[in-house]
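**Student:** Sequence:
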Amino acid sequence: MESDSSESLHSQPSFIARLFYTVTRKYQNLLDKSVPHPLPRWVFSLLLELLYLARVFLLQGWYIVTYALGIYQLNLFIAFLTPKMEPVVTEDNDEDGPMLPTKANEEFKPFIRRLPEFKFWYSGMRSILIASFCTFFDLFNVPVFWPILVMYFFILFFLTMRRQIEHMIKYRYLPWSRGKTKYKGKEDTGDVIQ
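Note that the sequence shown ends on residue 186 in this note's numbering; no numbers are left out.
If you're looking for bench data, these hints aren't it; they were derived computationally from the structure. One should not assume that every hint holds.
[To be verified] Label pairs and their calculated CB-CB ranges:
(1) 179 - 152: 48 to 56 Å
(2) 40 - 149: 31 to 39 Å
(3) 129 - 156: 30 to 38 Å
(4) 38 - 13: 27 to 35 Å
(5) 149 - 104: 19 to 27 Å
(6) 159 - 133: 34 to 42 Å
(7) 3 - 152: 20 to 28 Å
(8) 147 - 46: 19 to 27 Å
(9) 22 - 162: 35 to 43 Å
(10) 20 - 46: 27 to 35 Å
(11) 30 - 10: 29 to 37 Å
This one's a predicted model, so the numbers in the text were calculated from it and none came from an experiment. For each residue, glycine too, the CB sits at the ideal point set by N, CA and C.
Kindly generate the complete structure, drawing on both the sequences and the hints.
**Tutor:** Here's what the structure looks like:
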């Protein structure tokens, strides 16, 4: 009898494990519910980013953390704009590279992002929260001349975006769509053809 009771005690997860499992499940449920609502997610993300920038501005420090946050978010943005599969230039195409299908018998390949929108948002939110957490510790407040960092960030931003736009022009793709195409048929006159 004793061995049965001791086995049942050890087979149940501990209180910490159950608490962790419950919190993880509720967190994942909240994330799952937020997936179909991109606008509120991005508005919340923008507000959190503005709060972070206000904190850095008011504290007059943590410029290295802010610079690292900016570089990381720039990399996320570039991955968001880039197609998952690099367009392959085949020998039968002209020198301009592959093009979108122009005839009905050509295959259409939709634009698939390297970094999907939700993962882009989620990684951005995590980076903002980590950067905000770092501003509570003086260890990360490295003294630097911040105008150099700002200048370097903008140079890096413009060069990277120029390269990305050239890539988009070369392979003729747009990383966004205007929504689903709606076709208009003939108007219904109400007459029944027999």
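**Student:** None of the hints should be skipped; say for each whether it holds.
**Tutor:** Hint by hint, here is what the structure shows:
Evaluation of the 48 to 56 Å hint for residue 179 and residue 152 yields a pass: the beta carbon distance comes to about 50 Å. For residue 40 and residue 149, the Cβ-Cβ distance of about 21 Å falls outside the hinted range of 31 to 39 Å, so the restraint is violated. Look at residue 129 against residue 156: about 34 Å separates their beta carbons, and that is inside 30 to 38 Å. The supplied range of 27 to 35 Å is met by residue 38 and residue 13, whose beta-carbon atoms lie about 32 Å from each other.
One distance hint, 19 to 27 Å for the beta-carbon pair residue 149 and residue 104, holds here, with the actual separation near 25 Å. Under the hint 34 to 42 Å, the C-beta atoms of residue 159 and residue 133, about 37 Å apart, fit the expected range. At roughly 54 Å, the beta-carbon separation of residue 3 and residue 152 lies outside the given 20 to 28 Å, and the hint is violated. Under the hint 19 to 27 Å, the C-beta atoms of residue 147 and residue 46, about 25 Å apart, fit the expected range.
For residue 22 paired with residue 162, a C-beta distance near 41 Å keeps the hint of 35 to 43 Å intact. The supplied range of 27 to 35 Å is met by residue 20 and residue 46, whose beta-carbon atoms lie about 30 Å from each other. Checked against the hint of 29 to 37 Å, the pair residue 30 and residue 10 passes, with Cβ atoms roughly 33 Å apart.
When the structure is compared with the earlier hints, violations turn up for hints 2, 7 and for no others.
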